[in-house]
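Undergrad: Position 83, counted from 1, in the sequence shown is what UniProt numbering calls 83; the numbers after and before it change by one each time, with no gaps.
Simulated from the structure, these hints should not be mistaken for laboratory data.
Some hints here could point you the wrong way.
Cut-off 25 Å, straight-line C-alpha distance, at most; resulting in silico cross-link-like pairs (DSS-like, lysine-lysine) [claimed, not checked]:
id: 1; residue 1: Lys-150; residue 2: Lys-138
id: 2; residue 1: Lys-92; residue 2: Lys-150
id: 3; residue 1: Lys-75; residue 2: Lys-89
id: 4; residue 1: Lys-121; residue 2: Lys-110
id: 5; residue 1: Lys-75; residue 2: Lys-138
id: 6; residue 1: Lys-37; residue 2: Lys-47
id: 7; residue 1: Lys-150; residue 2: Lys-110
id: 8; residue 1: Lys-138; residue 2: Lys-92
id: 9; residue 1: Lys-133; residue 2: Lys-121
id: 10; residue 1: Lys-21; residue 2: Lys-47
id: 11; residue 1: Lys-89; residue 2: Lys-150
id: 12; residue 1: Lys-63; residue 2: Lys-75
id: 13; residue 1: Lys-135; residue 2: Lys-75
id: 14; residue 1: Lys-135; residue 2: Lys-121
id: 15; residue 1: Lys-138; residue 2: Lys-121
id: 16; residue 1: Lys-66; residue 2: Lys-41
id: 17; residue 1: Lys-121; residue 2: Lys-92
id: 18; residue 1: Lys-121; residue 2: Lys-89
id: 19; residue 1: Lys-75; residue 2: Lys-133
Each pair of labels, with its calculated beta carbon distance range [stated by the list, open to error]:
id: 20; residue 1: Ile-71; residue 2: Leu-18; range: 25 to 35 Å
id: 21; residue 1: Asp-106; residue 2: Ile-71; range: 44 to 54 Å
id: 22; residue 1: Glu-152; residue 2: Ile-96; range: 53 to 63 Å
id: 23; residue 1: Asp-70; residue 2: Val-23; range: 40 to 50 Å
id: 24; residue 1: Lys-89; residue 2: Thr-3; range: 46 to 56 Å
For each residue, glycine too, the CB sits at the ideal point set by N, CA and C.
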Amino acid sequence: MPTEYTDNFNRKQPAFLLNYKGVLQLGARYNAETRFKLIEKIEQLQKPMTVEDMIILQANEMKSVKHRIDIVENKVDNEIRIDHTEQRKLQKAVSIRVFQRLDVVDAERKLMFSAIYRDLKDRFGVASYRDVKRKDLKNALLYVQNWIEKAELRN
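Could you build the full structure based on these sequences and the hints that come with them?
TA: Right under this line is the structure:
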């Protein structure tokens, strides 16, 4: 059933309200299993609900939302890379550690920086120190603070 609504820019936009027949027509585009689930859902929505049924439905929806939030939190924790501020923090830690080691051992500065970044990338399985996962930042900083160069770097 065509109708209109006003968008954020005060423009009239077309909108379509779906009734039972419209949903069935839309569902006709899908396979039989999806159509069956759609029809079951429509019939369930058309039934009058008791207070207990409404509470159960709301609880199930809340459970579903919590599950989706857990998935997003997991992605943030496990897949998100460190941001620019955190990258800078890691760079500073690397510089501090290299200069600490240069005070103790005689080695070429350029090779020391290359070595610590290579070891950091190998340790955390990334192509660049910028790709370190946010969840691994604390361990990366600890690794850098305790890093010791390989013997062949020493003059």
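Undergrad: Take the hints in turn and mark each one as holding or not.
TA: Evaluation of the provided hints:
no., hint, in the structure
1, Lys-150 x Lys-138, "holds, 23 Å"
2, Lys-92 x Lys-150, "holds, 21 Å"
3, Lys-75 x Lys-89, "holds, 22 Å"
4, Lys-121 x Lys-110, "holds, 17 Å"
5, Lys-75 x Lys-138, "holds, 18 Å"
6, Lys-37 x Lys-47, "holds, 16 Å"
7, Lys-150 x Lys-110, "holds, 14 Å"
8, Lys-138 x Lys-92, "holds, 14 Å"
9, Lys-133 x Lys-121, "holds, 11 Å"
10, Lys-21 x Lys-47, "holds, 17 Å"
11, Lys-89 x Lys-150, "holds, 24 Å"
12, Lys-63 x Lys-75, "holds, 19 Å"
13, Lys-135 x Lys-75, "holds, 10 Å"
14, Lys-135 x Lys-121, "holds, 15 Å"
15, Lys-138 x Lys-121, "holds, 15 Å"
16, Lys-66 x Lys-41, "holds, 22 Å"
17, Lys-121 x Lys-92, "holds, 16 Å"
18, Lys-121 x Lys-89, "holds, 16 Å"
19, Lys-75 x Lys-133, "holds, 11 Å"
20, Ile-71 x Leu-18: 25 to 35 Å, "holds, 28 Å"
21, Asp-106 x Ile-71: 44 to 54 Å, "holds, 52 Å"
22, Glu-152 x Ile-96: 53 to 63 Å, "violated, 23 Å"
23, Asp-70 x Val-23: 40 to 50 Å, "violated, 30 Å"
24, Lys-89 x Thr-3: 46 to 56 Å, "holds, 54 Å"
When held up to the earlier numbered hints, the structure conflicts with 22 and 23 and fits the remainder.
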